[in-house]
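Chemist: Mind docking chain B on chain A? Use the hints.
As they're listed, the protein sequences go chains A and B.
Okay, so the first sequence: first residue is 157 according to my numbering, each after it adds one.
Okay, so the second sequence: first residue is 4 according to my numbering, each after it adds one.
Just to be clear, a hint being listed does not mean it is correct.
Reference listing, derived: stretches of chain A covered by chain B, where coverage requires no fewer than 3 residues with Cβ under 8 Å from a Cβ of chain B [to be verified]: (1) 278-284; (2) 291-304; (3) 362-375.
Don't read these hints as lab results, they were simulated from the structure.
Don't be surprised by glycine CBs; every beta carbon is placed ideally from N, CA and C.
The lines below spell out each chain.
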Amino acid sequence: MQLNFANANIDFLGQRRIALSISAVLLVLSILLLVFRGLNFGIDFTGGTLIEVGYPGAVELNQVRDTLQEGGFDRASVQYFGTSSDVLIRLAPRQGEDSAQLSEQVLTQLRTAGGDVEMRRVEFVGPQVGDELREQGGLAMLYALLGILIYVALRFEWRFSLGAVAALVHDVTLTLGIFSLLWLEFDLSVLAAVLAVIGYSLNDTIVVYDRIRENFRRLRKEATARVMNVSVNQSLARTLMTSLTTLLVLVCLYLLGGAAIQNFALALIIGVLVGTYSSIYVAAALALVMGVDRGVMLPVKKEGEELDDRP
Amino acid sequence: MNQYPAWKYLLIVAAVVVGLVYALPNLFPEDPVVQVAHATAGEVGPDGAQQVRAVLEGRGIPVKGMERGETGLMVRFPSSDAQLRAADILRTALGDDYAVALNLAPATPGWLQALNARPMNLGLDLRGGIHFLMEVDMDAVVDNVHERYASEFRTRLREADMRYLSVERDGEGIHLRFDDAGVRDRALERLRDEYRGDLEFEAVDGAGSHRIRARVTDEQLQTQRRLALQQNITTLRNRVNELGVAEPVIQQQGERRIVVQLPGVQDTARAKEILGATATLEFRLVDEEHDPYAAAERGRAPAGSRLYRERNGNPVLLERRVMLTGDYIQDATSGIAQDTGGPAVFINLDAQGARIFSRTTGDNVGRLMGVVFIETATETVREDGELVRRTTRSEEVINVARIQEQLGRRFQITGLDSSREAHNLALLLRAGALAAPMSIVEERTVGPSLGRDNIEAGFKSVVLGFVLVLVFMALYYRVFGLVADLALALNLVLLVALLSMLQATLTLPGIAGIVLTVGMAVDANVLIFERIREELRNGNSPQAAIQAGYARALSTIADANITTLIAAVVLFMFGTGPIKGFAVTLSLGILVSLFTALVVTRGVVNLIYGRRRRLKTLAI
Numbered sequence: 157m158q159l160n161f162a163n164a165n166i167d168f169l170g171q172r173r174i175a176l177s178i179s180a181v182l183l184v185l186s187i188l189l190l191v192f193r194g195l196n197f198g199i200d201f202t203g204g205t206l207i208e209v210g211y212p213g214a215v216e217l218n219q220v221r222d223t224l225q226e227g228g229f230d231r232a233s234v235q236y237f238g239t240s241s242d243v244l245i246r247l248a249p250r251q252g253e254d255s256a257q258l259s260e261q262v263l264t265q266l267r268t269a270g271g272d273v274e275m276r277r278v279e280f281v282g283p284q285v286g287d288e289l290r291e292q293g294g295l296a297m298l299y300a301l302l303g304i305l306i307y308v309a310l311r312f313e314w315r316f317s318l319g320a321v322a323a324l325v326h327d328v329t330l331t332l333g334i335f336s337l338l339w340l341e342f343d344l345s346v347l348a349a350v351l352a353v354i355g356y357s358l359n360d361t362i363v364v365y366d367r368i369r370e371n372f373r374r375l376r377k378e379a380t381a382r383v384m385n386v387s388v389n390q391s392l393a394r395t396l397m398t399s400l401t402t403l404l405v406l407v408c409l410y411l412l413g414g415a416a417i418q419n420f421a422l423a424l425i426i427g428v429l430v431g432t433y434s435s436i437y438v439a440a441a442l443a444l445v446m447g448v449d450r451g452v453m454l455p456v457k458k459e460g461e462e463l464d465d466r467p
Numbered sequence: 004m005n006q007y008p009a010w011k012y013l014l015i016v017a018a019v020v021v022g023l024v025y026a027l028p029n030l031f032p033e034d035p036v037v038q039v040a041h042a043t044a045g046e047v048g049p050d051g052a053q054q055v056r057a058v059l060e061g062r063g064i065p066v067k068g069m070e071r072g073e074t075g076l077m078v079r080f081p082s083s084d085a086q087l088r089a090a091d092i093l094r095t096a097l098g099d100d101y102a103v104a105l106n107l108a109p110a111t112p113g114w115l116q117a118l119n120a121r122p123m124n125l126g127l128d129l130r131g132g133i134h135f136l137m138e139v140d141m142d143a144v145v146d147n148v149h150e151r152y153a154s155e156f157r158t159r160l161r162e163a164d165m166r167y168l169s170v171e172r173d174g175e176g177i178h179l180r181f182d183d184a185g186v187r188d189r190a191l192e193r194l195r196d197e198y199r200g201d202l203e204f205e206a207v208d209g210a211g212s213h214r215i216r217a218r219v220t221d222e223q224l225q226t227q228r229r230l231a232l233q234q235n236i237t238t239l240r241n242r243v244n245e246l247g248v249a250e251p252v253i254q255q256q257g258e259r260r261i262v263v264q265l266p267g268v269q270d271t272a273r274a275k276e277i278l279g280a281t282a283t284l285e286f287r288l289v290d291e292e293h294d295p296y297a298a299a300e301r302g303r304a305p306a307g308s309r310l311y312r313e314r315n316g317n318p319v320l321l322e323r324r325v326m327l328t329g330d331y332i333q334d335a336t337s338g339i340a341q342d343t344g345g346p347a348v349f350i351n352l353d354a355q356g357a358r359i360f361s362r363t364t365g366d367n368v369g370r371l372m373g374v375v376f377i378e379t380a381t382e383t384v385r386e387d388g389e390l391v392r393r394t395t396r397s398e399e400v401i402n403v404a405r406i407q408e409q410l411g412r413r414f415q416i417t418g419l420d421s422s423r424e425a426h427n428l429a430l431l432l433r434a435g436a437l438a439a440p441m442s443i444v445e446e447r448t449v450g451p452s453l454g455r456d457n458i459e460a461g462f463k464s465v466v467l468g469f470v471l472v473l474v475f476m477a478l479y480y481r482v483f484g485l486v487a488d489l490a491l492a493l494n495l496v497l498l499v500a501l502l503s504m505l506q507a508t509l510t511l512p513g514i515a516g517i518v519l520t521v522g523m524a525v526d527a528n529v530l531i532f533e534r535i536r537e538e539l540r541n542g543n544s545p546q547a548a549i550q551a552g553y554a555r556a557l558s559t560i561a562d563a564n565i566t567t568l569i570a571a572v573v574l575f576m577f578g579t580g581p582i583k584g585f586a587v588t589l590s591l592g593i594l595v596s597l598f599t600a601l602v603v604t605r606g607v608v609n610l611i612y613g614r615r616r617r618l619k620t621l622a623i
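In isolation and in its complexed conformation, chain A is listed as follows (with noise of 0.2 Å):
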């Protein structure tokens, strides 16, 4: 079994304006939803409690509501988790009446009114940590930006970096905008999954870069354009194997990995899924846009010099 793509020589390049457009559109959109609509932040960034119960079986929604209801916890929300037995109850943090004690009061109205209980767990979140959280989540993604960007400005070249970062901010935004849409809860593990995919959509493009780097070397007499192209091509085998295998191992994880670890699971699945595109169709497009050409990449070298591997 093999995919071949020896011979492949579709012309990505040559649809960079469409690819491009779309993506630019995806972007606005995604930005947008992100400012009008918002992330729906779980309570690690927002503060307040969440009580995951679990029942003997299963149990009316209706009917936890009521009972929360009678104990005078009319803002809570309910819903269920993984199976119509588990129960996730999450209260915001309240004006001025915020406390450690609130998931006690919660167990007791539910064990008085429903008997049988069992308590799974407990998350309770300060307003102050929320606020620290978020802002620390944000320079965590601003600090691993300007790494790579460095790095990888140091290893190929500035324009190829900002090509880079452009295609990190584009995976990142595209997954986020796609949590927004679908107004999945944004946690500290989904943030986790967002760096990663940060890692590895970048780890997708480099690569991208490096064979045109290298092609730049090999097709001396070819236009940038169509360098390029041969690159994508060339790596296009590569690129859908490894997020093929990566793929296979996180659908496992959103099935069978448990409703905690389900948002997680789906954030990479997007990211990869996203960054998958963008390595084939916008990568190497920014770069060519940036105005990359042989020029940049190859300044002044020395004849002879160009068996060596390494610029």
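Modeler: The following block gives chain B in isolation, referenced to the frame of chain A:
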């Protein structure tokens, strides 16, 4: 041409052997255990062990093994059912002197233990337990420092016969007012001398007033904050030890926070009560001259007295002057009062406390004395978008009794609601006071059933994902795919071995990190194999294709992995708890996969193809 020197093979074999040995302990299941520790000594003597064995045998509970250690006695059971029953029985049989805790202990065989091979720790999300993040109220620390200096100044000035009008603290420091400029100047000189380095003094002359402004230096405040945090950590540690939790974690995080992790503990209500409470006692004489009900109606106490409430709501007037504070309490135990049969706390004072108390009680035999129970709880709430810290202080009179005789070092307090309350009060008094109030700013509790489910789900998804990737690689790259599979398996073994050696804590995101690493570890192999295929298509001989494939893929692999490593390191620096675990797994995974993909697969490929000079085709 594709041959490896012997030392490279030795290196690979060594890595495999070490990896297998250190990954092995994770395969042994954990035994449910009950830990029994003596409440004060910790260690359980042979007699105690004998007693435990006798109690369990008497009730027909099977015991798998018993080990005595410095921190107590560990009793292993064949099932968690037996463990739970045994814990209940032991708690009632051994009483207050022993702390009984549930735990899981690795069942690592002796020869592996001898090699220092231990299984990974399971995180709270996998084994169940409580995680608290507590924040120390640093404003209160600063307030305390000012208060203490203010009271020291008063004493010093009085001792030196320097008359002052007032010593008060305000937001930024301490304010001293004097009648006379000369006295002020002498006081300034004296205080400056005495508190050099800790405080800065400044003379201020206003209209008809002579003042000194004292400001605590930033370094001194910093030191005081650090000390307060340290003392709170120590106090928390004492309290947690009293709770009888096995393997607790109590660590500083940042400049004003403390992480407390209590594996296996389920009773959050009690844990919070014990950790967050700052309970202390005060002893005051009862004002018997005035009518407390009249004072309660007026809402104002007569001069020299304060209005308190008893537990049952009755008002009581106590003198403003404190006979003794809880600071002098050396030891406290709970039990049953001899005379009334109700719950009681027996208190031991230290030498200074005993002296003070015997004098004050001796002077007032026949009068009524009230015991005030003071509890402080702090929480941070959001009010109109602003974060506000609120401290609630509850003061109750738990006991009013006539002083029958002069009291000394030992005495008892009654009037408590239940023996549990007596137990808690004794614990809080014994474990010491917190230097500053703390509030819980984050809590994560995981029940035992969820922990079990998480392990199961994590394990299942790892295995399935792994198998799928193996099958896929073998189908797609044939012989080379099998080589990659071998490397992948080794990858997993080495990763687990490294995490075990580092005694890393395995969390759910950590498992996800392992899974992700497996998925991405394939990447290096894919890069190499695709390159070899390309070289073959370009008409190169198989041996040359292998050589060129590995060589050409190297720089790509290096670039790709280093950039991912950068992301992982940033995650590690900014993340906390589980995110950090994920970052550690990811970084180690990248390093291990570099080794397996570049060194190991090459070795195996060389072994298979390296010596065949007339090689025509490659199964790739």
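Chemist: Of the numbered hints stated earlier in the document, which are not met by this structure?
Modeler: none
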